[in-house]
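For this one, chain A is given, so just place chain B on it according to the hints.
The lines below spell out each chain.
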Amino acid sequence: MEEKTLLSVKGLKVKFNSHLIIDDVSFDVERDSTLAIIGPNGAGKSVLFRAILGLIPYEGTVTWAPKVKIGYVPQKLFVAKDFPLTVAEFLRFKEGDNQKIDEALVSVGFKENKTKLLKTRLGTLSGGELQRVLIASAVLGSPNVLLFDEPTSGVDISAEETIYSLIDRLKKEKDLTIIFISHELQVVYKYADGVLCLNKEKICFGPPREVVDKESLAKLYGEDVSVYKHHEH
Amino acid sequence: MNTNFAFLLFVGALAGAASGYLGSFMVLKRMSLVGDALSHVALPGMAIALMLSVNPILGALLALGLAVIGIWYIGEKSEIYPEALVGIFFTASLAIGILITPEPELLEVLFGNIEKVTGLEGILVIAASLLIFVVTKLISNKLALGIVSEDLAKSEGIKVSRINLIYLLLVGLVIALGVKFLGTLLTGALVIVPAAAAKNLARAIAGYQMLSIVFGILSVVIGIFIATLAGISSGPAVVLVAIGFFVVSYIFKRN
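Chains as they are written, first to last, in this note's numbering: chain A, 730 to 962; chain B, 208 to 462.
Same shape as in the complex, but just chain A:
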């Protein structure tokens, strides 16, 4: 593995029972880059994440650079509304220092009303709040790579900042490599320097403007790709 390579995936295969979910996928991720993983629902994007995190069994090799520290932001948490756990307690699983927790919350855009937020139950947060708390938790571990699984439903952040501009800012502030799953092509063009198109197998891989074309999109999403066209700038 080369010095600048952070992650190298070779011949990755994932099976659930005898059903093949990911078939022979290989790609490398360079340090300080931003890689987007796109594909239709059920293409195996989240499964790919779980495999490279070592959460599920797989065939093939997944090699992380030595001493890499991964921050993982899952798509969602299944926490009931009455689950007795506050945001403060959740973040303290990661970090005992209140000052650092405070800084992490500011960095994900919680500037005011932090005391109220900290006392709020995790299960009662809105989708956007939960996403940001999860990112804060990931950032608290001082990672050098952030794996971000986009929620399927649209998430409301603030008027000024989307979850992607937030991640982009964190990348610059904290010197991070970012791997994210997205459903929106426009986001990929705007924030990613690399894209992996996935639909069980690797459809395309490389810089978005070079590899995402009509042919690969047709392979990825089916023949009718006109709906995606207006996202191209």
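In short, the hints are calculated from the structure, not lab data.
The C-beta atom is built at its ideal place from N, Cα and C for all residues, glycine as well.
Any given hint could be a false lead.
To be verified - Here are the simulated DSS-like pairs of lysine-lysine, each with C-alpha atoms no more than 27 Å apart in a straight line:
1) 798/A with 739/A
2) 848/A with 344/B
3) 829/A with 344/B
4) 361/B with 848/A
5) 798/A with 361/B
6) 810/A with 361/B
7) 366/B with 742/A
8) 929/A with 344/B
9) 919/A with 948/A
10) 744/A with 284/B
11) 805/A with 284/B
Unchecked claim - Now the stretches of chain B that chain A is said to cover, found in silico as 3 or more residues with beta-carbon under 8 Å:
12) 360–367
13) 413–427
Then chain B, alone, in the frame of chain A:
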């Protein structure tokens, strides 16, 4: 109140505290029914120990240890929890246990008899309760994060599977300790009911665990007093007090 009774009360309170603390995680893990019925498994172990003239707590410990490893293994290996299978296994243990337990001891083994708790057993409960508190405290953050999201916990390098096994073994231990007081039919309830009551009232996990411990202690202490005064078995008395706490907490449940 003589010294012996005070000692038993103290030992019982400790067992109640340890049950409440461990139970708080069991309820969050949605394993209430398992926790509740797990104590049934102790019965055949105690019966065999009685037949061999060994201390029944040893038999209970061994049987619960095996059952816990079984439950852990099933939980690790299957996506969907085989509830029915676990239920059938527990009931089978109970049925077999009732058949092979010597008649004179049966009532005591099923419902507990605090007067039969020996000094040595008391000391065992004290030592084991301390062990439970220390170990649970050490793993509590990892355990809780594993309940919130197993993926998140694993992605941070937490050995979720190992933590779960340690935790379930502690549950087996606390149930074995409670068997003498409450009997094999009802000890599991002391793990679940105080925690379920605490969950109705608490907002944060710190308060939830504290309340669960307090309800565990109060259930045992008040229950033993009532049992002694009324001359009834300690098991039903303690569990009914705990259920009383649950009913009241349910009325005041936060929305």
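Violations among the numbered hints: 8
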